[in-house]
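Asker: Chain by chain, the residues:
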Amino acid sequence: QKEVEQNSGPLSVPEGAIASLNCTYSDRGSQSFFWYRQYSGKSPELIMSIYSNGDKEDGRFTAQLNKASQYVSLLIRDSQPSDSATYLCAVNLGGGADGLTFGKGTHLIIQP
Amino acid sequence: GAGVSQSPSNKVTEKGKDVELRCDPISGHTALYWYRQSLGQGLEFLIYFQGNSAPDKSGLPSDRFSAERTGGSVSTLTIQRTQQEDSAVYLCASSFSGLAGGGETQYFGPGTRLLVL
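Top line first, the protein sequences correspond to chains A and B. The opening residue of the first sequence carries number 1 in the numbering used here; numbering runs sequentially from there. The opening residue of the second sequence carries number 1001 in the numbering used here; numbering runs sequentially from there.
Please keep in mind that the hints were generated in silico from the structure rather than gathered at the bench. Positions of the beta carbon are idealized from the N, C-alpha and C atoms, including for glycine. Hints are not guaranteed to be accurate.
To be verified - List of simulated lysine-lysine pairs, DSS-like, C-alpha gap at most 30 Å: (1) A/Lys42 - B/Lys1017; (2) A/Lys104 - A/Lys56; (3) A/Lys2 - A/Lys42; (4) B/Lys1015 - A/Lys42; (5) B/Lys1011 - B/Lys1057; (6) B/Lys1057 - B/Lys1017; (7) A/Lys104 - A/Lys2; (8) B/Lys1011 - A/Lys104; (9) B/Lys1057 - B/Lys1015; (10) A/Lys56 - A/Lys67; (11) A/Lys42 - A/Lys104; (12) A/Lys67 - B/Lys1057; (13) A/Lys67 - A/Lys104; (14) B/Lys1057 - A/Lys104; (15) A/Lys2 - B/Lys1057; (16) A/Lys2 - A/Lys67; (17) A/Lys42 - A/Lys56; (18) A/Lys42 - B/Lys1057; (19) A/Lys104 - B/Lys1015; (20) A/Lys42 - B/Lys1011; (21) A/Lys2 - A/Lys56.
What the hints assert, rightly or not - Distance ranges between label pairs, derived from CB positions: (22) B/Pro1055 - A/Arg28: 19 to 27 Å; (23) A/Asp78 - B/Glu1085: 41 to 49 Å; (24) A/Ser8 - B/Arg1113: 15 to 23 Å; (25) B/Arg1022 - A/Ala68: 38 to 46 Å; (26) A/Ile109 - B/Asn1010: 21 to 29 Å.
Said to hold, decoys possible - Which chain B residues stay away from chain A? Per the calculated CB distances, all over 10 Å, these: (27) Leu1021; (28) Asn1052; (29) Gly1072.
Input sequences plus hints: build the corresponding full structure.
Answerer: Next comes the structure, spelled out in structure tokens:
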């Protein structure tokens, strides 16, 4: 049974600070990892994808992957009120035949 | 099209009725996915199409659920004899080929909000 675990929050962070979102996964064979952002009543939109151990940066966002610890995280620098949303961690085993396994998401609130 | 489209955007039905949900993927995307998001729950993967073929249907919640895709484009998800527990947002996503070891970005449509009374 593939599982993806996230702290549901809410995680409250002051504007301008760094928000740190964490995710663990159970399937050691997982190959692809994604962070999606979902605003209330909207569909998920991709923020970052990461496939190799280490850090991947894109603007204010940094994804970190540690396959040995089965851990993936998302850092948001200079947090803005518009970053307030639910962040979904998603994992794909690989092979192209599976859909994504999602965590239940972390609700992030950026306080002005 | 510019993005994944789904119809209807909202559907209210009575328990026991059949419903059909439609997904039109991004033009040129051969892989299509259906997910379900229930209140307070994460997204649950239902089924995946590579072209018109669905290699694995084990994610469908029950035999009341079926999906098909014709012409390698539009897909329909059908729920027969709907139950109240079927109430959820049904999301469709597509990716370019579905063959890149699962590493492709999946782009989501706006979803169909289904309410079974």
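Asker: Hey, A/Lys67 versus B/Lys1057, does the alpha-carbon distance stay inside 30 Å?
Answerer: holds (29 Å)
Asker: Would you say the C-beta atoms of B/Arg1022 and A/Ala68 sit inside 38 to 46 Å of each other?
Answerer: holds (43 Å)
Asker: Are the Cα atoms of A/Lys42 and B/Lys1017 separated by 30 Å or less?
Answerer: holds (26 Å)
Asker: Does the structure keep B/Lys1057 and B/Lys1015 at a Cα separation of 30 Å or less?
Answerer: Holds - the C-alpha atoms of B/Lys1015 and B/Lys1057 are around 24 Å apart, at most 30 Å.
Asker: Hint check: A/Lys42 vs B/Lys1057, CA-CA at most 30 Å. Holds or violated?
Answerer: With Cα atoms ~26 Å apart, A/Lys42 and B/Lys1057 stay inside 30 Å; holds.
Asker: Quick one, are B/Lys1057 and B/Lys1017 close enough, alpha carbons at most 30 Å?
Answerer: Holds, at roughly 22 Å.
Asker: Does A/Lys104 lie within 30 Å of A/Lys67 when you go C-alpha to C-alpha?
Answerer: holds (20 Å)
Asker: Would you check the hint for A/Lys42 and A/Lys104, treating anything up to 30 Å between C-alpha atoms as holding?
Answerer: Distance ~15 Å between A/Lys42 and A/Lys104 Cα, so the pair holds.
Asker: Holds or violated: A/Lys56 with A/Lys67, Cα cutoff 30 Å?
Answerer: Status holds; Cα separation ~14 Å.
Asker: Is 41 to 49 Å a correct range for the gap between the Cβ atoms of A/Asp78 and B/Glu1085?
Answerer: Given range 41 to 49 Å: holds, Cβ gap about 42 Å.
Asker: With a cut-off of 30 Å on the C-alpha distance, tell me whether B/Lys1011 and A/Lys104 pass.
Answerer: holds (24 Å)
Asker: Does A/Lys42 sit within 30 Å of A/Lys2, going by the straight-line distance between their CA atoms?
Answerer: holds (25 Å)
Consistency note: the structure conflicts with none of the earlier hints.
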